[in-house]
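Please model the complete structure; the sequences and the hints are all you need to start from.
Under this note's numbering, the first residue of the sequence shown is numbered 432, with each subsequent residue one higher.
I should point out that these hints are in silico values taken from the structure, not numbers from a laboratory.
Since we're looking at a predicted model, the values are computed, not measured.
The beta carbon of each residue, even a glycine, is placed where N, CA and C say it ideally should be.
Among the hints, a few may not be true.
Stated by the list, open to error - Taking CB as the label site, the calculated pair distances span:
#: 1; residue 1: ALA466; residue 2: GLY496; range: 32 to 38 angstroms
#: 2; residue 1: PHE457; residue 2: HIS488; range: 34 to 40 angstroms
#: 3; residue 1: PHE537; residue 2: PRO509; range: 41 to 47 angstroms
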Amino acid sequence: MRLSPEHLVIAPILIPFIVGALLLFFDDRERRLKAILSILSVFALFAISMALLRIAHAGSAANEGQIVVYLLGNWPSPFAINLVLDRLSSMMLMLTSVLAIPALIFSLGQ
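The following block contains the structure:
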């Protein structure tokens, strides 16, 4: 089964949401498990950001790129929440995921 780019657009929202909700079930005694789950989620977010950046920059010329629109709930456009992947949003997502790695490393050292 292969994920289409339309469904991959929502992954940077769902991964931190699901892992954050999962981390609420662990207390401070399982600090190592919480750290491992956090590190895995940040690196998964980084990998998905790289894939989305590659999708957004697909094209042969410099001015070409793919724009992916994801309608949440598959509702029509005036009523739905639209997620749009273009070059700017993929670069901002990549910047966020790159900055999340040292921020997590710093927070784990505290």
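Hints, one by one, checked against the model:
For ALA466 and GLY496, the hinted distance range of 32 to 38 angstroms is satisfied, since their beta carbons lie about 37 angstroms from each other. Judged by the Cβ atoms, the range 34 to 40 angstroms given for PHE457 and HIS488 holds: they are separated by roughly 38 angstroms. Roughly 43 angstroms separates the CB atoms of PHE537 and PRO509, a value that falls within the hinted 41 to 47 angstroms.
Hint check: no violations occur; every hint is consistent with the structure.
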